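Participant: Residue-level listing of the chains:
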Amino acid sequence: MNLTLKIWRQKEAKASGSMETYKVSEISEHMSFLEMMDVLNEQLINEGKEPIAFDHDCREGICGSCSMYINGEPHGPDRGVTTCQLHMRKFKDGDTIHIEPWRAASFPVIKDLVVDRSAFDRIIQSGGYVSVNTSGNSQDANAIPIPKEDADNAFDAATCIGCGACVAACKNSSAMLFVSAKVSQLALLPQGQVERKERVLSMVDQMDTEGFGNCSNTGACEIECPKGISLDNIARMNRELLSAKI
Amino acid sequence: MAINKGFLNFSILRKFAMALSGLFLVIFLLQHLTINLTSVFSSDAFNSLSHFMGTNPLVQFLLQPILAFGVFFHLSMGLVLEIKNRNARPIKYAYSKPEENSSWMSRNMIITGVMIMLFLGLHFYDFWFPELKLKFIDGIWNNETRYFIELQHKFHDPIRVALYVLSFVFLSLHLMHGFQSAFQSIGFRNKSYTPFIKKLSSIYAIVVPFGFVCIAIYHFLAQ
Ligand code: SF4
Ligand code: FES
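Keeping their order, the protein sequence lines are chains A and B. Residue numbers for the first sequence follow our numbering, so the first one is 1 and each next one is one higher. Residue numbers for the second sequence follow our numbering, so the first one is 247 and each next one is one higher.
It should be emphasised that the hints constitute simulated quantities derived from the structure, not laboratory data. Just so you know, not all the hints are guaranteed correct.
Claimed, not checked - Here chain A is said to cover these stretches of chain B; the calculated rule only asks that three of the stretch's residues, wherever they fall, bring their Cβ under 8 Å from a Cβ of chain A: (1) 299-311; (2) 363-370; (3) 445-452.
Claimed, not checked - Below are the SDA-like pairs computed for lysine to any residue, each with C-alpha atoms no more than 20 Å apart in a straight line: (4) B/K343 to A/E12; (5) B/K437 to A/E12; (6) B/K343 to A/D95; (7) A/K49 to A/G72; (8) B/K338 to A/K23; (9) B/K379 to B/G300; (10) B/K444 to B/S267; (11) A/K6 to B/K343; (12) A/K171 to B/K251; (13) B/K251 to A/A244.
If you're wondering where the values come from, they're calculated on a predicted model, not measured in any experiment. Virtual Cβ for every residue (Gly too), placed ideally from N, Cα, C.
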């Protein structure tokens with residue numbers, strides 16, 4: 001495949017960036033999107049140009065670091081996959097592909113396609129944990145009976161990889177899907193009960209402090225989330241917060 | 247500590263208040279439509295119902311101020327949230343396909359909302375302000391037969407009727423998203439009720455504005 005790529009280039013956080021056009025040829029349809037980016041970077045290096053900076057680590061949909069807004073959607077046109085799992089067979093020979101970083105005031109661009117997602121870390125630090133003793137004498141988690149439905153829902157919520165596609169997709173840059181998944185995975189389990197109220201209040205407070213927008217239930221996040229995190233979690237977090245506050 | 251923060255300082259609780267005021271307005275619309283509908287069948291029934299609503303102290307001095315506050319709150323909070331949301335993404339995408347993941351109605355609540363706000367300006371100018379003047383400045387409280395004539399008089403003008411019809415299209419679009427979205431905001435979502443609420447929302451969003459449109463057109467044609 002021969003492709004035209006329009007990619008956001010930005011030297012550093014403070015620089016003003018712009019969309020630049022590149023051509024790549026002989027791209028195999030079996031390549032992943034990141035492999036196609038590797039080919040482009042090789043080409044740029046050979047030409048003595050600065051390669052394009054982008055985040056990646058596991059390249060198998062687990063770490064959540066690959067983050068590209070591809071052809072108008074986070075993680076591209078496929079559903080239920082991250083950018084690293086997106087295959088070039090989703091595109092056609094001669095296509096023009098637009099690639100941008102996540103756009104949100106809370107995710108400032110560091111360089112090219114790399115954004116600073118430490119806002120998510122601060123939200124987790126504010127309450128996304130359970131205080132259990134892990135000194136070696138902790139109880140086996142399986143010793144506590146948990147209804148199957150709760151276990152399943154908690155597990156589903158826990159599959160969130162913190163990629164930030166929900167924020168990128170949302171017209172309000174709201175982080176509600178991410179935060180609600182993190183609140184839910186603990187609120188549903190007995191181990192999470194002790195800090196339940198404090199957790200939701202602190203995490204939502206931190207989310208607001210970071211400057212994410214307000215959820216207006218467009219549902220874009222759920223559609224674009226590579227892990228299929230459900231809006232059920234947002235409704236649950238709304239209930240959690242209300243009951244914690246009153 | 248987050249626990250000590252005021253109610254409306256939490257984004258989620260602002261949305262919660264937004265949803266409650268919206269649902270309150272949804273109920274009000276139903277009541278408004280019911281009274282308007284009587285104007286099609288009997289001018290006497292319409293007059294006596296309007297007179298009751300216009301003079302009953304409970305309606306006038308308790309429900310009316312609550313309604314006015316509900317409208318004002320829903321509008322102003324909607325604007326505040328819109329500004330905050332815009333600030334959350336100062337740099338827009340160069341290329342974006344929002345239609346791939348969300349409905350036009352859900353993304354444009356501010357547009358439909360502002361159009362409804364403009365309509366309310368006209369509607370208040372037509373009915374509410376003259377009503378206030380008549381009662382509170384001129385002191386006329388006991389004219390029981392004026393309501394139907396006032397209504398007919400307003401819907402004489404084709405431009406006004408067209409503006410009303412257009413406004414109800416915006417109202418319908420606003421309700422299509424807003425009605426069911428309010429339930430999500432208050433956390434009311436589960437596998438058995440949510441599909442029903444979504445259907446009810448669509449039916450309400452079509453039937454209620456359409457009802458108002460029919461009444462306006464009826465009075466225009468009946469003259
Ligand atoms: S909720 Fe989905 S889109 Fe959002 S951070 Fe988690 S995995 Fe990514
Ligand atoms: S690189 Fe780890 S999820 Fe894509």
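Participant: Each hint: holds or not?
Facilitator: Comparing the hints with the structure gives:
no., hint, in the structure
1, 299-311, "violated (count 0)"
2, 363-370, "violated (count 0)"
3, 445-452, "violated (count 0)"
4, B/K343 to A/E12, "violated (27 Å)"
5, B/K437 to A/E12, "violated (47 Å)"
6, B/K343 to A/D95, "holds (16 Å)"
7, A/K49 to A/G72, "violated (26 Å)"
8, B/K338 to A/K23, "violated (24 Å)"
9, B/K379 to B/G300, "holds (13 Å)"
10, B/K444 to B/S267, "holds (19 Å)"
11, A/K6 to B/K343, "holds (16 Å)"
12, A/K171 to B/K251, "violated (27 Å)"
13, B/K251 to A/A244, "holds (12 Å)"
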